[in-house]
Each structure stands twice: as C-alpha cells, then as structure tokens.
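Chain A is already provided as a structure; the job is to place chain B on it using the hints.
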Amino acid sequence: MSSDRRLGSALKAVVSEVYEAEPRTAAKSALMNENRRRVFEYLAWHPCCTTAEVARALSVSCPTAAWHLAKLVEAGYAIGISRGRDRKYCAAGMGLADAETATLAALADPGASRVFLEAIATPGLTAAQLARKVGVGNARRAIRDLVAANLLVAVEDGRYRRYYPGEAASSLEKNAARRLREFRKRLLRRIEADRLSPEVRAAPGDVVEIDVRFGGERATMRLPGTSLLAGRLGSIN
Amino acid sequence: MQKIPSGVYGLNALLDGGINEHTTTVVIGSPGAGKTTFATQFLRRGLEIGEDAVFITLDEVPAEIIKNAKLMGWDDAESYIESGNMVFVDAGGKQFSNFIRKELADFVREWEGHAARIVIDPLTPVLWSVKEKYEQRELVSFLLRQTRKIGTVLCTLEEHGVVADLSAPELIIPMYLGDNVIHLRYASHEHPEHRELKIIKCRNSKHSRSWHPYGIVRGAGLFVRREKQEPVRVADRARVQAEIRRVVDRIAPEGKLNARSLSHLMRAVETIAGESASDADALEVLSLVLEEYGLEQ
Chain A
3 MSSDRRLGSA
13 LKAVVSEVYE
23 AEPRTAAKSA
33 LMNENRRRVF
43 EYLAWHPCCT
53 TAEVARALSV
63 SCPTAAWHLA
73 KLVEAGYAIG
83 ISRGRDRKYC
93 AAGMGLADAE
103 TATLAALADP
113 GASRVFLEAI
123 ATPGLTAAQL
133 ARKVGVGNAR
143 RAIRDLVAAN
153 LLVAVEDGRY
163 RRYYPGEAAS
173 SLEKNAARRL
183 REFRKRLLRR
193 IEADRLSPEV
203 RAAPGDVVEI
213 DVRFGGERAT
223 MRLPGTSLLA
233 GRLGSIN
Chain B
-13 MQKIPSGVYG
-3 LNALLDGGIN
7 EHTTTVVIGS
17 PGAGKTTFAT
27 QFLRRGLEIG
37 EDAVFITLDE
47 VPAEIIKNAK
57 LMGWDDAESY
67 IESGNMVFVD
77 AGGKQFSNFI
87 RKELADFVRE
97 WEGHAARIVI
107 DPLTPVLWSV
117 KEKYEQRELV
127 SFLLRQTRKI
137 GTVLCTLEEH
147 GVVADLSAPE
157 LIIPMYLGDN
167 VIHLRYASHE
177 HPEHRELKII
187 KCRNSKHSRS
197 WHPYGIVRGA
207 GLFVRREKQE
217 PVRVADRARV
227 QAEIRRVVDR
237 IAPEGKLNAR
247 SLSHLMRAVE
257 TIAGESASDA
267 DALEVLSLVL
277 EEYGLEQ
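Here the protein sequences line up with chains A and B, keeping their order.
Residue numbers in the first sequence follow the numbering used here, run continuously in steps of one, and reach 239 at the last position.
Residue numbers in the second sequence follow the numbering used here, run continuously in steps of one, and reach 283 at the last position.
Excised from the complex, chain B in its bound form:
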C-alpha cells in the first residue's frame, strides 16, 4: 500500500511511514483539540506535492477556516483556491447526507481512480441527520467506502461529554468503519493544558500504540512528540536561530524539495524561531518539520 505524508509534523513515523493512500482516517477530539488544524495540514501537504484538495465544511464558513490556516503559517492558502487546486464545499448536514444517498454513487463512478485529498469537517452533523443508529451506520459506511475510491479521506469527529471515554454512539460507528482512527485527547480544564495523541488503529500498518504528547505552534501547526518528557526549553534565541540558519543553508541548495514545499518549510522554520520562547522546544519542532519533508538531520 502506498504511504502518503500526513502533513502533521512527527506523525508519519508513528504511522509506519504515513497514511495509506485511498483509506479513510477519522480524527476525534474535543473542541480546541486541533482537529481542523490537523485537517488543513493534511490538505496542504497534498497540495504541495501536486494533489487536489477538497475541504467539505459542515460547520464553519470557509473564510474562518482560511483565517485560522493562515495563523498556522499557511500564508498562501488562497492561491490554491484561485488556481482551483483546493475547493471548499460548504454544506449543511442534511444537505450533505442527501448528497451521499442520492448522488455519491454516480459521482464516484465518474471520478473513480482519482487521488485527491478529501476532508469532511466535522462528520458529526452527517450522523445526526438521520435518527436510527442502523441508518447512521449505513450512511457512514457507504460514505467512507465510496469516497476512498476517489482519494484519501480524513473526517473529523467531535468528542462530547467525558473526554477520552469514546463510547458515545456517534464515535463508535465511524471508529469501526474508518481505516485509521486517531484520537486527540485534550483536557482544556487542566492546567497546564494537556494534549496527547494516540493512534487507535491504522489498518495494514505497524503503528505506535502509545500516547504521545502533541502541541500546536503558531506559524507551523500541529506536531507530535515521540516521548512523554518535559520539553527542553531553549531560552537562548540566538542558539535557535543559528541552528535554523545552519539547516536552511544546508537544505536550500540541495534541491531536494520543490519550490512550494521549500517555501512552506522555510516559513514554518522562521516562525518557529520567532516562537522559541513559548512552551514548545523550537529545536524539537524543527527536527519534526524536517522529518516530515524527509530531511532528517
């Protein structure tokens, strides 16, 4: 099975090399956990390597999503929309579930064999659009089986109630039906905030089975740390910047990346340097970013 880079820094290694192409991934998390950030990073990475991206938003308006994507360092998100490589589909839950029932089969027949990256954010309104659990299961099962024929699909799911319980029916159904399930556990009431990620399943992969701390850095996005240990805070800005300059000097002339990937990488690296006083360890994030682009130090 072909692996594709997830776009989330540090995650590919935990997924046995990346996400399997033509599969469905379900990302579960409470509000603020970073589901939409995860989804935008996934699309952006695909766009960088020339894939088409579709963002089906059932909740927020596209403008809001773009605004937040920019905060995560995706300055040129709009250029992908203008060129037609990225398309936002803004729909209501009921409308989208009608589409699944009436149109999806025909649509997939027409476009089968394409390999776009498709995000459905969040899937929850689709489930709520039908009453019976049996119908919910049928609908989601059909959606996931069909859409993966035309691309690699990522759905987000809202986690309500007790965090990390995962027994609510609207979580259970997609968790069974998705090929890959990633849980973002975020306890917003705890202080300091506590974020951990676990890969609950990833079919046909030797994935990590532990909890991994993750963070969100402005300007770069979501990154996953391998170990559960206190980040080493590098207060010495000069050291961070020197290290980054060294990395940039090494990568730029080698021509390993295409122009788009390189400019995204540079932007991420620059903002990480600027944020070095924050919670995250700038050098650790830097090495995870490099890893995403296959540029291990």
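Next comes chain A alone, as it looks inside the complex:
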C-alpha cells in the first residue's frame, strides 16, 4: 500500500472532479476565449489562487476575472474550493488531496511564499531575521501559517526559535510529475470533448505546450511539466 495516499481518498478526489455537465458544443468551448485561456493557464501554474490574485496577475478587473473563473468552472475546466474566507480555484483534474490543497493555499500569499523561499535559502533563521530579509510587515503571521501547513518547522535551540523547511513542499513535489501527467491526460480528453483537436509538445524547461486548433484559429497553452510549485516559487532546488 502506498504510504501517503489511500484508495478511498484518491477515488473521492477523482470523482469530485468529473465534469457533471455534458461537454459543450465546439462553438462554445470555454478555452477559445483568449483571456479565459490565460486564466486557465494561470490556474494550472498557481493552484489554489483567489479571484483577486488572478485579476492582479493578469491585469484585468476583479469582475472580469470572476466571470472567466465562473465560466471555466461551469465548463468543467476549473474547480472552486471553499477554504476559510476566500474561495480558491484550481485547474480541474489535478486530483489534489485536502492536505495538498492546504499547502498550496498557504503559499498563495505572496508574503508567505517569500518567507518560505528565504527559509530554504538560509535554513535556521529566526522570525526576526526572516522578517528583516523579506521586509514583510506581517511576517509573523506568514510564518505561523507556514508552520501550520508544515511548510516550515520551528526548532528551539535554547535561546532562539529557528525555522527550517518542513516536509510539506517536498512531499507535494514528489508526486507532482505523475499528477501533472494525469492532469494533462484528463485535460486533453476534456478538450477533445469540445471537438478541438489538441496536440502536445514538450517545450524547453519544465513546460509542456498544448496546441489547440479550432477551424482556422490556433492557440498554444503552456502548462507545468513536473512541478506544482514552480509557478509560485520558481525552481527551488
């Protein structure tokens, strides 16, 4: 039996992401709108992001981002997860377990991801040192959230409490390549159901490109190849 995953929870994740709706007709494919395609790509690279984050990153208004997200969810290309106050969005078909969603959600905060990167670059810093390095006002809150998600662990050395990278990120990345392969397989099937003919190309770096053709129109989507965190953290190894 695999140590960290169980059959039941894996089944639950897959079933919950199956599209309830019948595939739309080709003329209405959600991905043929360029802005919406950009939103989808953003979700694939930044799982568990909020509407506000999408709007900021793509320089569109919040209502526009919300509209595209709603359309993607409706067409079965994205899923919405209610976590805490905010609704977070993921590309559909990634099969993320609850713990993984929590890890990704904790890193969605830009302050938290900067603190996390510093802790990887220089393990064993104190909270005050981390706050000084990243210059984030509420670094302490970010640290607390990172510890809660097991992205950081606190170690007391008798005088100071020092922070080291926890297990969460590496255990997420351990399965990421396989997850993303399955994600792309599902995505291709979903795109085919829209009667678009997708074509996959490996691209330089950790990127997979999918060409989508629709009549004379042609578009390329760039999706993560082997890492679920690269979109947020860049290459951390």
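Worth flagging that the hints you see were computed from the coordinates, not collected in a lab.
A few of these clues could be false.
What the hints assert, rightly or not - Just a sample of chain A residues kept apart from chain B, beta carbon distances all over 12 Å, derived:
id : residue
1  : Ser63
2  : Ser115
3  : Ala129
4  : Ala133
5  : Lys135
6  : Tyr162
7  : Glu175
8  : Val209
9  : Arg220
To be verified - Computed cross-link-like contacts, DMTMM-like style, restricted to lysine to aspartate or glutamate with a CA-CA straight-line distance of at most 25 Å:
id : chain 1 : residue 1 : chain 2 : residue 2
10 : B       : Lys88     : A       : Glu201
11 : A       : Lys176    : B       : Glu98
12 : B       : Lys184    : B       : Asp165
To be verified - Here's a subset of chain A near chain B, in silico, CB distances under 10 Å, partners left out:
id : residue
13 : Arg8
14 : Leu9
15 : Gly10
16 : Ser11
17 : Ser18
18 : Glu19
19 : Lys187
20 : Arg191
21 : Arg192
Beta carbons: idealized from backbone N, C-alpha and C, even for Gly.
Quick look at chain B alone, frame taken from chain A:
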C-alpha cells in the same frame, strides 16, 4: 477463492463461508428492506479486520447514513472516517457514470491489487443515467469488472413495482453481471411485516437455495435466520442477560478477537439484551452474532 466475512449475522454459513474476495455482490430490495444497513455492516466488518472501506453514495447524504449506522450500533463510525480508513464519496448518478466512462480504467490501473471493501448505494441512478439498454449493460459490466480488481464490491439495487418479480430491466442487467446476487424480500404492506432473504446466485460457492427469514434489530443490525419457524420469544430478561454474561465472560479473556471486533461484539450483545422484549429472539440473534466472529457456542 478467499472467503471474507459478510458482517451480516447468520449469512456467512448460507454463503458457503462468506463472500468471495474480489467479487461483486448485488443486493436487491424494496424501500425499507435493509439494503443500506446490509451495506454498512459489510463495510464495518472489513474495517474491523483492517481493510479500507469506501462508501459511494448516490442518493443519501453521508451524515444520514452515519446517523442510521449509529442506530444499528455502530457508535464509532466517525472514528474510521477521521482516521481515513473509511471514505464517503458523495456523487450524482450522471457524475458517477461519467467517472466510470472516463476515469475508472486509469484509476483501477493505478490501484490494482488493493483489497478495499467498496459499496455503491444504490446502483440504480447509474443505470438511469444512460438511455439505451445496451449502453446500460456496457456501463454496469465495465464498472463491475473493473472495481472488483481493487476490492470486494457490494452494490444495492432498488426494487420497484411488484415485490419479488425481479423482471424489471434495471434489475436484470446487474443480476446477470454480478458475481453474487442476494434478494431481500420485504412486503411492507403485510401485517405482521414479512422479511425473507434468498441468495439467488453466488459464483463458485455451494450456497443456500431457500428463502430465509431475516430481521433487523436496533443496536446490532441485520441477521438471517436459518429456519422458517416462529421465533421463540424469550420474555425472561434475566435469563437472556445471564446467558450474555456467561458468553462475555468466556470470550473476553480468550483473546480470539482484536480490540475493535471485541468492542463491536460487546456493544451488539449488550443492545440485544436490552431489546429482548421485541420481535426477535435475543438468544438466537446472539448466537448468530457469535457465529459471525467465528465463536460458535
């Protein structure tokens, strides 16, 4: 073929020792017949011996199922959910049938060789999600052939219309395709209520071919009686309790059961004692419960 205990008191003997592992069982019954109770007992028994359990519910919400399971004496159902040993998958019929078509093959490839207990309750919405009979058959056949590779599967089927007719197409298809078929015949309009169970088929087993009366006792669950005779009602509570104390004194120190099984058994036995004034014969149910745990008197 490996036999596993069904969790339904008195049934294993009629099934030639239990349910064959990695097979599919179809349980048919009208509303109130006890299909979901049957299914929860099946999962609970597996959990007791360390197997994983998946309850795919296409109809009721998990909270409702847990509530009813508790009424049947499964007080610690939630602890299995918290530990991740039992998972509820709450899906719509169409959604689940899309899963079967698009994802199931990949999923089974990944998890092949596992031995979980899987319940689909009820299977009926899956059948109704497609129009053509041919497609229904394809879908159910694929579902049953695939899922048994990752565990032992139990599907319930709603019986509509005339009880015990069993000729409706939504019954025929799964009855042909399942490895085992058990019919719970329950005539709710008759008075007194009349419950009988028959094993219609059980592949590779010398199973019973008769109708057997069955009952549902609060606190213990479904039990199947061997003979069709009036239950001997033991009105004498003191006698029942004395008998139970004798049994408990004998079992507890022997260490034949693991802690979980023992505590379930004790709870069932205690509630049976409390219900001794009801329709069921407490001592008969007690002996069926003991038999389920391999503790014949």
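A quick look at each hint next to the structure:
no. : hint                : result
1   : Ser63               : holds (33 Å)
2   : Ser115              : holds (29 Å)
3   : Ala129              : holds (32 Å)
4   : Ala133              : holds (36 Å)
5   : Lys135              : holds (38 Å)
6   : Tyr162              : holds (36 Å)
7   : Glu175              : holds (19 Å)
8   : Val209              : holds (24 Å)
9   : Arg220              : holds (26 Å)
10  : B:Lys88 x A:Glu201  : holds (19 Å)
11  : A:Lys176 x B:Glu98  : holds (21 Å)
12  : B:Lys184 x B:Asp165 : holds (15 Å)
13  : Arg8                : holds (6 Å)
14  : Leu9                : holds (5 Å)
15  : Gly10               : holds (3 Å)
16  : Ser11               : holds (6 Å)
17  : Ser18               : holds (8 Å)
18  : Glu19               : holds (9 Å)
19  : Lys187              : holds (7 Å)
20  : Arg191              : holds (6 Å)
21  : Arg192              : holds (9 Å)
Of the numbered hints listed earlier, not one is contradicted by the structure.
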